[in-house]
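These protein sequence lines map, in sequence, to chains A and B. For the first sequence, this note's numbering gives the first residue as -4, with consecutive numbering after it. For the second sequence, this note's numbering gives the first residue as -4, with consecutive numbering after it.
Hints listed in this document are in silico derivations from the structure and should not be mistaken for laboratory results. The beta carbon of each residue, even a glycine, is placed where N, CA and C say it ideally should be. Careful: at least some of the hints might be erroneous.
What the hints assert, rightly or not - Listed next, the in silico DSS-like pairs over lysine-lysine satisfying Cα-Cα at most 30 Å (straight line):
{"no.": "1", "chain 1": "A", "residue 1": "LYS68", "chain 2": "B", "residue 2": "LYS239"}
{"no.": "2", "chain 1": "B", "residue 1": "LYS68", "chain 2": "A", "residue 2": "LYS398"}
{"no.": "3", "chain 1": "B", "residue 1": "LYS222", "chain 2": "A", "residue 2": "LYS291"}
Stated by the list, open to error - Computed Cβ-Cβ distance ranges for the label pairs, DEER-style:
{"no.": "4", "chain 1": "B", "residue 1": "ARG110", "chain 2": "A", "residue 2": "MET380", "range": "19 to 27 Å"}
{"no.": "5", "chain 1": "B", "residue 1": "TRP193", "chain 2": "A", "residue 2": "LYS383", "range": "51 to 59 Å"}
{"no.": "6", "chain 1": "A", "residue 1": "ASP195", "chain 2": "B", "residue 2": "ARG110", "range": "14 to 22 Å"}
{"no.": "7", "chain 1": "A", "residue 1": "SER208", "chain 2": "B", "residue 2": "GLN54", "range": "30 to 38 Å"}
{"no.": "8", "chain 1": "B", "residue 1": "ILE181", "chain 2": "A", "residue 2": "ALA303", "range": "55 to 63 Å"}
{"no.": "9", "chain 1": "B", "residue 1": "LYS383", "chain 2": "A", "residue 2": "ASP357", "range": "32 to 40 Å"}
2 protein chains.
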Amino acid sequence: MNAYIITIGDELLIGQTIDTNSAWMGQELNKIGIWVKRRMAIGDLPEEITSALHEALQQADVILITGGLGPTKDDLTKHVLCKYFGGELVMNEEVLQQVTQMFASRNLPMLDVNRLQAMVPNNCTTLINKSGTAPGMLWHHQNKIIVSMPGVPFEMQHLMQTHILPLLLQKSDTQILHQTLVTAGIGESFLAKQIEAWEDALPPNMKLAYLPSLGMVKLRLTIRGDKNEDLQMPLLQQFEALKKLVSEYLFADNDEPLEQTISKLFLQKKITLSVAESCTGGYIASKLVGVAGSSKYFEGGVVSYSYAAKQNLLNVKKNTLEKFGAVSEECVTEMCEGILEKFKTNYSIAVSGIAGPDGGTDDKPVGTVWIAIGSAEKIVAKRFMFTKNRLRNIELIFVYALKMLLDEIA
Amino acid sequence: MNAYIITIGDELLIGQTIDTNSAWMGQELNKIGIWVKRRMAIGDLPEEITSALHEALQQADVILITGGLGPTKDDLTKHVLCKYFGGELVMNEEVLQQVTQMFASRNLPMLDVNRLQAMVPNNCTTLINKSGTAPGMLWHHQNKIIVSMPGVPFEMQHLMQTHILPLLLQKSDTQILHQTLVTAGIGESFLAKQIEAWEDALPPNMKLAYLPSLGMVKLRLTIRGDKNEDLQMPLLQQFEALKKLVSEYLFADNDEPLEQTISKLFLQKKITLSVAESCTGGYIASKLVGVAGSSKYFEGGVVSYSYAAKQNLLNVKKNTLEKFGAVSEECVTEMCEGILEKFKTNYSIAVSGIAGPDGGTDDKPVGTVWIAIGSAEKIVAKRFMFTKNRLRNIELIFVYALKMLLDEIA
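Sequences and hints are given; from them, build the entire structure.
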């Protein structure tokens, strides 16, 4: 079974909104063996909606549409789809009740435009949206399934999880399985060279994809087959072979974010962590805290952006700053000692660098970064030369700091 | 002039990569009056690349293609396009030299697959890529422009900025102008109600779009016309009227990120800021530090995730934590006083809350958050009830904290 995703909204075309919905839908559909054939983004124009739907119906079995269902004047999707399938808008009492309750529970007055959101085509199955005011709509047409959902991510996700995915799961007959691993500290082409012979020998129903991002390359191995075939075993055999080939650079043998891998490791070993950040300004801490349950191992950190903060909060010596500067082995080591002392954790990370775009000098150009990993036993500090781009450097420091931390613990 | 964006890569369809390239391209094209008509994402299959290109050629004047140009086996774009336009791959000495230099300057050995990246179709204009190893390619065909670029964001951006945008700018004859403002603390439908009469009276060449995100709604006013028309004045007149109508909720009268608005304000007033974060774990600090030049006003912060950190680093009283808990007006006020004292800044932000998904109690359910803004004169604390979703809550706290800070300063 193939799917086609249509996202509607001028804000997507003009680039004011980044489309995260399609990625989420793609992931969920793949888990149940449905291949997303294409994704199309179009503007808020009736003729574009009609023409995209027409094309999608020729290409796929399932058409998932998001966006253009809000209460405002630029939201046209419901009207266009209703007309396309030859229906009329009628008041749906169940939706009206749900919308009324939602406003009541938030203590907000309900407006006429909100009331209008309970007007639903009389030829579709209405999908109650418990997270918002616009219901989902589902049509069966030419033996295909067409679904329209709001563009607000958590409303779309709610409708997919409660209504659409269970329905599609029943209908699918192919199976697609993936195994993904994460490497850090090696480039895409070197990795490819390292595993070339193995990749060339893969059977025709398997495929390897390289997914490079800053500081890391993910490798995704995919197998396709019939729903009743045993694909798990051949996939895992090849995956184990791949893991051995890249063991030196392996961060995780799954598709988790790095911070999730670190979180699991710390919880499992019952150890604790603190961080002292200069140029990353709290980015490492905030990524760690983004994982639910991180309070069980992560104690906190200090963002010591100024010299004064490094001295007052982390006990970095004035002499060290004057003699070696903030971006130095000596300073990052003292930051690491200071944060270990303040938070009494088993491990700590300290970083100091010049993130850019300005602030570099001849001997310390933009992109110069010191990272230290500390424990009761020792402090290991390394110097890196990253790029001239601030946000790229912050992300790279995050990846390399976590790789250094992993290597110290493992 | 219309553009059509094609992004190539299974990783986009399967959702393992979020497509940020299209958004960036959409923004840049709009600035020069080129409307993106559609965006399509397809997989790494020759027939899909051919068919998408065929469709795009029927719909638009400029076709921008990204992805599938890497050194590995799943990268097919160059071969397919070369064949489509009836050319052959030949070694390009200029590209080869550039790739060789790049490897030499990084002290890395060059592999055969990297050498192959210098093979370029003999019927296209080759665009040297100074940020990577895959060159861009440009064809003129049926009076249209077709460009193929790498999918790595900064490589694509480099090629767009140095080659494509200047070329397109010469050719465009329509003009599209936008003015965007940012509101915080009001819902989309209430905003729409507030400005309904004004919106209904807009002339036919103007359009208002609502761009809601967590805690905020952006309003984008667009005018379209001929390249030689004066569109600036009528657009600004309507925009000023709109600003008056939403003044109470206005965060900025441009499309900057909130942290950029705050940065400008602090630099202009020559005042300084520090933050004490519990449940946001450094997220507020890291967003502020993401803006270049923030070291001139932002001193740093403390991530006091544990009780011990609140006491040791921020001097929160043990008694306060025992009597009122960490998520209380008393605690957040002491955190705010503590961080002001440690960093000696003019202003400070302190937050403490239950981000979820667990950790709530009957009287303090998940989503309960206290935010305090402090200065030498006073500390203002407010209680909020956000959602049950951790990452959503962290983002909401960021928006509301910055709105509170803005209201205190303005």
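Status of the hints after comparison with the structure:
Distance restraint check for LYS68 of chain A and LYS239 of chain B: the Cα-Cα separation of roughly 21 Å lies within the 30 Å cut-off, and the hinted pair is therefore satisfied. Among the hinted pairs, LYS68 of chain B with LYS398 of chain A is consistent with the structure: their alpha-carbon atoms are about 27 Å apart, no more than 30 Å. A hinted pair counts as satisfied when its Cα atoms are at most 30 Å apart, and LYS222 of chain B with LYS291 of chain A does not qualify at roughly 60 Å. Hint check: ARG110 of chain B to MET380 of chain A, Cβ distance near 25 Å, so the stated range 19 to 27 Å holds.
At about 45 Å, the beta-carbon gap between TRP193 of chain B and LYS383 of chain A misses the expected band of 51 to 59 Å. Hint check: ASP195 of chain A to ARG110 of chain B, Cβ distance near 19 Å, so the stated range 14 to 22 Å holds. At roughly 31 Å, the beta carbons of SER208 of chain A and GLN54 of chain B sit within the given window of 30 to 38 Å. Roughly 39 Å separates the CB atoms of ILE181 of chain B and ALA303 of chain A, a value that falls outside the hinted 55 to 63 Å.
Hint check: LYS383 of chain B to ASP357 of chain A, Cβ distance near 52 Å, so the stated range 32 to 40 Å is violated.
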